[in-house]
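S.K.: Below are the chains, spelled out letter by letter.
There are 2 protein chains.
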Amino acid sequence: MYNALDEIRREIKAQGGSDEDIISIDPDELHAHGYSEWSTVNPDGLPVAVAYPRSTEHVSVIARICHKYHIPIIGYSGGSSLEGHFSAPYGGISVDFAYMNKIVQFNKDDMDIVVQPSIGWQDLNAQLSQMNSGLFFPIDPGPSAKIGGMIGTNCSGTNAVRYGTMRDWVINLTVVLADGTIIKTRRRPRKSSAGYNLNGIFVGSEGTLGLVTEATLKLAIVPEETSVAVVSFPTIRDAASAAAGIMQAGIPIASMEVMDEVQMKVINLGGATAPRVWKEAPTLFFKFAGTKASVQDNISRVKSITKSNKGSNFEFARDEREQQLLWSARKEVLWSMLALRKEGEEVWSTDVAVPFSRLAELIEISKKEMDDMGLFASILGHIGDGNFHESIIYNRTKKEEVEKVEKCVKNMVNRALDMEGTCTGEHSIGWGKKASLLREVGPDTVAVMKQIKGALDPLWIMNPGKIFDVPS
Amino acid sequence: MYNALDEIRREIKAQGGSDEDIISIDPDELHAHGYSEWSTVNPDGLPVAVAYPRSTEHVSVIARICHKYHIPIIGYSGGSSLEGHFSAPYGGISVDFAYMNKIVQFNKDDMDIVVQPSIGWQDLNAQLSQMNSGLFFPIDPGPSAKIGGMIGTNCSGTNAVRYGTMRDWVINLTVVLADGTIIKTRRRPRKSSAGYNLNGIFVGSEGTLGLVTEATLKLAIVPEETSVAVVSFPTIRDAASAAAGIMQAGIPIASMEVMDEVQMKVINLGGATAPRVWKEAPTLFFKFAGTKASVQDNISRVKSITKSNKGSNFEFARDEREQQLLWSARKEVLWSMLALRKEGEEVWSTDVAVPFSRLAELIEISKKEMDDMGLFASILGHIGDGNFHESIIYNRTKKEEVEKVEKCVKNMVNRALDMEGTCTGEHSIGWGKKASLLREVGPDTVAVMKQIKGALDPLWIMNPGKIFDVPS
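Those protein sequences? They're chains Y and A, same order as listed. Going by the working numbering, the residue at position 23 of the first sequence is 23; the numbering climbs one at a time, nothing skipped. Going by the working numbering, the residue at position 152 of the second sequence is 152; the numbering climbs one at a time, nothing skipped.
Chain Y extracted, bound-state conformation:
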């Protein structure tokens, strides 16, 4: 192992790539790169080293030498994944892209941009805004997520109902393969039918097939007008049937989020929108975006549909500041939950997705189960996508409580699968949901995934143990 680290250092120095040591074995850094407070699981083991490459060529050197010595390679960018994605159960090198966080090329006329993996989506949008580009990147997962990890997990977020998921916004990827080979999936057309869709297979592969070192992303036009509103409902089911009505009317809302009464309480407790206090009832949050005329049109149609589904208190954010606070309160619910923890407590945050028509039923049953077990849990969902999140506070030191949470999550996942759903709508599998994936698609389909894995990474050094087990 230490031979390999020295060899990496030597080769990179010989390339003239960096004067600094790009490898760290500092114990704190190893811990920070192998353990996650947010994650539902933390398998034993830490990386043996953390590498900080400055270029695709550095990453290629790292992979080539790790390949030679059969050393695992685990990509790292925002570190905000939830299922142990960047854990190091087999040791190896964590490749942290911290220094590869730049915009490489901005093609304004083509509405696309070439970026490195450690640029955050919020930072990217801040830079696009500073340039007065009139463009933005619409995929909005957790605020600290970065493009590399967002590609790895095929993330999405509140905008998905309008803009789709990560894979819809990738034009091409530069990927370092397990043996150090550098490939580019395609050139820069927005649309192509040329050969296998390698973007589609690398996006969502959680670093198990290669490391993405550069991505060309499509950008969207900043809407002329936006507006944010909330509506309360007597039950989640009423909220869900309003949401169904809106979807079936084809109203192009920008976002539509559901939160239960617990989640609304958490927002109030968090105080982010103080002095405003929200009604603690099942609530739909809407974002509207478009031209002034179309936003007005959408609002009036949504208002009428929510009204006929027992919605009350249709309220707008009063100004842009409140719009931002309100939306950021929505975006920061995980932190709000984390802030409520007492000594020894953790938050288990997980997601599933089902066909749209089954969502209300799934939420109701899952909520009831958690209540019956006496767990403090909140629910929020990207209701237009049939995708929802459950966040449960529990005490990690109490075995009984841990078992309760595990049982609740397992039941929720199985319920989602029985409703023809998926064990994860946007968080992906990582270390934590391997058994669920197997149940979801079955052994023959997982076998196909493993055949692809084996073909591109025959030594199984790329993020081993994630998505599926390493073959014995």
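These aren't lab readings, by the way, just hints derived from the structure by calculation. Keep in mind that a hint or two might mislead.
The list makes no distinction among identical chains, and a pair is therefore deemed to hold if it is satisfied within one copy or across any two copies.
To be verified - Mimicking DSS-like on lysine-lysine, the simulated pairs with C-alpha atoms at most 27 Å apart in a straight line are:
(1) Lys303 with Lys108
(2) Lys292 with Lys307
(3) Lys108 with Lys307
(4) Lys303 with Lys292
We have chain Y already, so just place chain A on it with the hints.
M.R.: For chain A alone, coordinates are given in the frame of chain Y:
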């Protein structure tokens, strides 16, 4: 070979699946399944038999027995592909899904539908309309295309600027693998991050990884209002800059197509919109769709942008009949061109795509080259996607003319690649564009595709010779 055919017949009879003989060796059928009048290429060789399965299980039997005897398997549905996709250069069995053309399950509330591969997209939409579902399937390639082939080629069409391409509309696929194993890529959530995106790899793989026997497709809401309009421009470049202005303003047009003066002439000659005669000049076709208010808003904004780019004669289709005629004239340009052929003549129809900003330049240079060579060629493009088609009439019996066409096409593709484009935006590779794909993405990226191919089809029996050459 004939052992294999008998074995297939026997097994399927034993399953009780079909009383009829599902295999034909009629020479006319073999020819119809191995040769295409529309295709730019027709390699030597025909299938040895055509199989007409009635179910996924039949397809599985066929694959298992072909696998045992190392016999090539080639999928067939609409037969309208343009690059020799269903040709049989290595013989084998053509699997024609003609009898698998049904809607299996319609999930209206979830806005999705499960279909068999040989349902045509037009037929699917006719059935959805008959059911008063308020839903439609928005991907619109050539009128005779069927879902199976549309998945194989990752096709798109005039609606792509608004609705994306085939891969954006696939929820799950049932696939028969090379050895007869039946897998389902996922269940029925509209969104998922669970494991590798197998939809993404099977869509666009041209039957080289497996045969799709069932697909769950997302559906879109039928817009409240539609409108069709045309505008003429002095040059293609003016049309392109109007199109760029529209895209950059973020106006959600439903379609935006460019046609050159030759193409407009072909429409007039075809007579589909008679007695109306269109101005024979570079023209943009627009489709608008949405609510009444948003359509009006979009039209007035598009009108003003085209005007400031030298557009003239902004004209609407006068009624629904004219709207349909006009749009179908656009959809049937290939037939219009075919109708113009004289004795011995053929039409070479091909497509490329480039980053949006380069399209006008590419079209101008390519048109000039064809004019200089004295070729009769028309151009039409999905200008919002940077994708355009060139259709060239030539005499197949005149070697010199064939060489001219081949040269023109090759030059156009290379020009597109030099502009960071792709050799095919929606027709895909087939037999005809393998060299272009290699030039486009390079040998290391093609090697990754071949590794995936080798992993899922180690005997290379699935549509061999397409996308890339069979390894020697």
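S.K.: For every hint, state whether the structure bears it out.
M.R.: Hint by hint, here is what the structure shows:
no., hint, result
1, Lys303 with Lys108, "between (37 Å within a copy, 24 Å between copies)"
2, Lys292 with Lys307, "both (23 Å within a copy, 23 Å between copies)"
3, Lys108 with Lys307, "between (42 Å within a copy, 23 Å between copies)"
4, Lys303 with Lys292, "both (17 Å within a copy, 18 Å between copies)"
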